[in-house]
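**Q** Protein sequence lines, in the order shown, are assigned to chains A and B. For the first sequence, counting from 1, position 159 maps to 158 in numbering that gives the first Met the number 0; every step adds exactly one. For the second sequence, counting from 1, position 293 maps to 292 in numbering that gives the first Met the number 0; every step adds exactly one.
Any given hint might turn out to be false.
[As the list claims (entries may be wrong)] The calculated label-pair distances, taken between Cβ atoms and stated as ranges, are: (1) Pro182(A) - Ser158(B): 54 to 60 angstroms; (2) Val77(B) - Arg10(A): 56 to 62 angstroms; (3) Ser158(B) - Ile12(A): 50 to 56 angstroms; (4) Gln57(B) - Thr29(A): 23 to 29 angstroms; (5) Gln133(B) - Val268(A): 44 to 50 angstroms; (6) Ser129(A) - Phe53(B): 47 to 53 angstroms; (7) Glu64(B) - Ile12(A): 52 to 58 angstroms; (8) Val289(B) - Ile272(A): 38 to 44 angstroms; (9) Phe271(A) - Val77(B): 22 to 28 angstroms.
Hints in this document: simulated from the structure, not taken from any laboratory. Even for Gly, the Cβ is constructed at its ideal location relative to N, Cα and C.
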Amino acid sequence: MHQSRGIRTLRTIAGWLVVGVFFFPIYFWTTVAFRNAKDIFNWPPIFVDFEPTARNFEQVFGISLGFGFGAQEAVTPGGGNFYMAPRLWDSIVIASMSTVLAIVVATLAAYCLSRMHFRGRHEFVNWVLSTRMMPPVAVAVPMFFIFKQFSLLDTYLGVILVHGLMNLPLAVLLMKSFFDDIPSEIDESALLDGASRWTIFRRIVLPMAKGGIAATAVLCFIFSWTEFLFVLTLTQTSIKTVPVVSSTFVTSIGTAWGNMAALGAAAIVPAFIVIMLVQRHLVRGLTMGSLKQ
Amino acid sequence: MAVAQVKRIAISDSPIPWLAPLVALLVVFTIYPLFYNIWLSFHEYFPRKRAIQFVGMQNWQQLWEDTRFWSSLGVTFVYFAIALVFEIVLGMAIALLLDAELPGFGGLRAILSLTLVIPPAIAGMMFLLMEDAQFGVLTYILNSLGLLDKTTPILATSSTALAGVLVAEIWQWTPFMVLIFMAGLRSLPAEPYEAAMIDGASAFQMFRRLTLPMMSKVIAVAVLLRGIDLFRVFDYVFVMTSGGPGTATYTLSLYAWQQTFSFIKWGYGATLSLVSLAIIMVLANIFIRVFKVRW
Numbered sequence: 000m001h002q003s004r005g006i007r008t009l010r011t012i013a014g015w016l017v018v019g020v021f022f023f024p025i026y027f028w029t030t031v032a033f034r035n036a037k038d039i040f041n042w043p044p045i046f047v048d049f050e051p052t053a054r055n056f057e058q059v060f061g062i063s064l065g066f067g068f069g070a071q072e073a074v075t076p077g078g079g080n081f082y083m084a085p086r087l088w089d090s091i092v093i094a095s096m097s098t099v100l101a102i103v104v105a106t107l108a109a110y111c112l113s114r115m116h117f118r119g120r121h122e123f124v125n126w127v128l129s130t131r132m133m134p135p136v137a138v139a140v141p142m143f144f145i146f147k148q149f150s151l152l153d154t155y156l157g158v159i160l161v162h163g164l165m166n167l168p169l170a171v172l173l174m175k176s177f178f179d180d181i182p183s184e185i186d187e188s189a190l191l192d193g194a195s196r197w198t199i200f201r202r203i204v205l206p207m208a209k210g211g212i213a214a215t216a217v218l219c220f221i222f223s224w225t226e227f228l229f230v231l232t233l234t235q236t237s238i239k240t241v242p243v244v245s246s247t248f249v250t251s252i253g254t255a256w257g258n259m260a261a262l263g264a265a266a267i268v269p270a271f272i273v274i275m276l277v278q279r280h281l282v283r284g285l286t287m288g289s290l291k292q
Numbered sequence: 000m001a002v003a004q005v006k007r008i009a010i011s012d013s014p015i016p017w018l019a020p021l022v023a024l025l026v027v028f029t030i031y032p033l034f035y036n037i038w039l040s041f042h043e044y045f046p047r048k049r050a051i052q053f054v055g056m057q058n059w060q061q062l063w064e065d066t067r068f069w070s071s072l073g074v075t076f077v078y079f080a081i082a083l084v085f086e087i088v089l090g091m092a093i094a095l096l097l098d099a100e101l102p103g104f105g106g107l108r109a110i111l112s113l114t115l116v117i118p119p120a121i122a123g124m125m126f127l128l129m130e131d132a133q134f135g136v137l138t139y140i141l142n143s144l145g146l147l148d149k150t151t152p153i154l155a156t157s158s159t160a161l162a163g164v165l166v167a168e169i170w171q172w173t174p175f176m177v178l179i180f181m182a183g184l185r186s187l188p189a190e191p192y193e194a195a196m197i198d199g200a201s202a203f204q205m206f207r208r209l210t211l212p213m214m215s216k217v218i219a220v221a222v223l224l225r226g227i228d229l230f231r232v233f234d235y236v237f238v239m240t241s242g243g244p245g246t247a248t249y250t251l252s253l254y255a256w257q258q259t260f261s262f263i264k265w266g267y268g269a270t271l272s273l274v275s276l277a278i279i280m281v282l283a284n285i286f287i288r289v290f291k292v293r294w
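Use the sequences and the hints to build the structure in full.
**A** See below:
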């Protein structure tokens with residue numbers, strides 16, 4: 000469709016404005032991470048013109064960025080401890096290990112669902128999809144009791160298991176869609192040459208699906224990274240991920256917005272970077288492999 | 000000959016070793032919790048005796064008389080419906096706007112995808128700060144536009160609290176719809192539009208008669224996946240309002256969670272999660288049938 004120059008200019012501006020509105024909260028939150036309290040609690044709120052400080056990050060990470068402020072002071076006069084570097088580590092361990100678990104199990108199953116013909120295959124795929132519908136609260140409560148029994152509460156292993164399981168429907172369906180893209184004639188000719196299914200899977204199909212595996216892994220990582228209810232329910236004091244620990248910054252003596260924003264920004268930036276790497280497969284991932292870009 | 004041979008090998012393939020790990024894990028994650036919840040819904044924990052005892056149908060009967068349950072169900076449906084309508088309509092409008100090769104639009108799509116990787120609990124915090132009555136930037140903007148009285152704290156007023164939570168929800172997930180709809184729009188064939196142009200169809204007619212029908216599968220998938228998540232909303236209300244003021248933002252998931260962990264009503268909490276599960280399953284399966292969504 001050919002549009003006049005004027006309409007194209009208007010449309011460009013409108014597009015930028017709309018996305019600007021969506022970007023504004025991210026911008027504002029990031030600036031809060033660099034503000035002193037007086038620039039956060041100001042009325043009218045300050046949009047641009049504040050005095051930047053690295054103090055919030057120093058407190059959260061227990062490091063000195065060379066502005067004359069040390070790690071010892073991470074405990075604020077109010078009594079809140081904002082040293083959160085270990086919580087970031089918890090998030091990294093849980094997200095990466097649960098991703099490995101989900102990818103290994105899902106890749107095996109997805110190859111089978113993509114290539115082998117057996118009775119009830121369609122129903123099986125539907126069952127996997129339906130497990131995506133479980134409300135987390137309906138899973139978290141029974142998990143809490145079984146974890147209590149097996150001493151898995153408040154452990155890495157427990158949360159890794161649950162996050163891995165939580166990502167299985169996504170990982171299986173997404174990996175299946177990537178395997179479906181690889182022509183099955185390749186498998187068939189290798190079968191004729193006497194290769195076993197396992198050899199074909201490992202030597203031929205897996206290397207061809209590398210890009211798809213990477214995209215699936217990134218999405219699993221992000222969903223574990225952002226998950227809230229399971230961590231809230233299944234951890235107590237020794238481990239916590241960033242989203243859950245952020246909610247504890249709201250205290251009776253006030254909310255440490257600057258520290259919270261610093262931690263939040265530190266948690267969001269890695270996610271921004273990895274999501275940029277998988278833009279090409281993003282829609283396929285968001286729709287669990289149902290839609291290809 | 001070759002085909003027959005491949006077929007023979009393919010038939011002798013056993014899916015069991017490939018699927019066994021998945022099935023084992025899914026049973027732990029779905030079948031076990033399901034049966035545990037059902038069992039627990041006929042029991043209750045008595046803190047004084049420190050014991051779980053059989054109570055028969057008591058928890059299920061309690062549902063009928065529990066006004067907080069009905070109100071949480073109402074809040075959940077209202078939240079679900081408003082969020083879904085806004086996300087679909089805004090998502091489609093923005094997708095149509097951005098579906099063009101104009102300066103910087105590729106970058107705009109990437110920026111929109113950023114909201115999706117923010118933990119919803121942190122997105123809730125962002126809006127909690129921005130909607131603060133004393134110094135919130137959103138409060139300030141709404142004040143300046145004359146849309147909100149300065150004395151009305153958004154999240155602490157029953158009539159506006161749900162809207163305050165929905166703003167965070169809609170902000171974070173409209174881009175989900177935009178990205179999916181844009182992928183759908185880009186995959187549409189050009190010929191029908193060229194034919195319609197020759198016939199002198201208006202832009203709206205083309206949208207109504209061509210775009211919407213051809214996009215129906217894409218829209219159905221997006222609505223199904225978003226709808227499932229909307230019905231089990233927990234993070235935003237937990238961090239922004241904890242269900243308050245009163246019961247204005249109490250969703251079913253939050254109510255079930257609180258019954259279990261705050262009020263130590265394990266049996267009743269399980270009953271409530273089963274209700275939530277049943278509603279999602281029924282609605283999602285009807286939706287899948289009606290709109291013929293297939294994976």
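**Q** Does the Cβ-Cβ separation between Phe271(A) and Val77(B) fall within 22 to 28 angstroms?
**A** 32 angstroms, violated
**Q** Can you tell me whether the CB distance of Ser158(B) to Ile12(A) sits inside 50 to 56 angstroms?
**A** 35 angstroms, violated
**Q** Just tell me: holds or violated, for the beta carbon distance of Val77(B) and Arg10(A) against 56 to 62 angstroms?
**A** 34 angstroms, violated
**Q** Please check whether Gln133(B) and Val268(A) have a Cβ separation lying inside 44 to 50 angstroms.
**A** 29 angstroms, violated
**Q** Starting from the hint 52 to 58 angstroms, judge whether the C-beta atoms of Glu64(B) and Ile12(A) obey it.
**A** Between Glu64(B) and Ile12(A), where Cβ atoms are some 57 angstroms apart, the hint holds.
**Q** Starting from the hint 54 to 60 angstroms, judge whether the C-beta atoms of Pro182(A) and Ser158(B) obey it.
**A** 59 angstroms, holds
**Q** Return holds or violated for the Cβ distance of Ser129(A) and Phe53(B) against the range 47 to 53 angstroms.
**A** Violated, at about 30 angstroms.
**Q** Verify the CB-CB distance for Val289(B) and Ile272(A) against the hinted window 38 to 44 angstroms.
**A** Because 40 angstroms falls inside the window, the suggested range holds.
**Q** Assuming the hint says 23 to 29 angstroms, is it satisfied by the Cβ distance from Gln57(B) to Thr29(A) or not?
**A** Since the Cβ atoms of Gln57(B) and Thr29(A) sit about 51 angstroms apart, the hinted range of 23 to 29 angstroms is violated.
Checked against the numbered hints given earlier, the structure breaks hints 2, 3, 4, 5, 6, 9 and satisfies all the rest.
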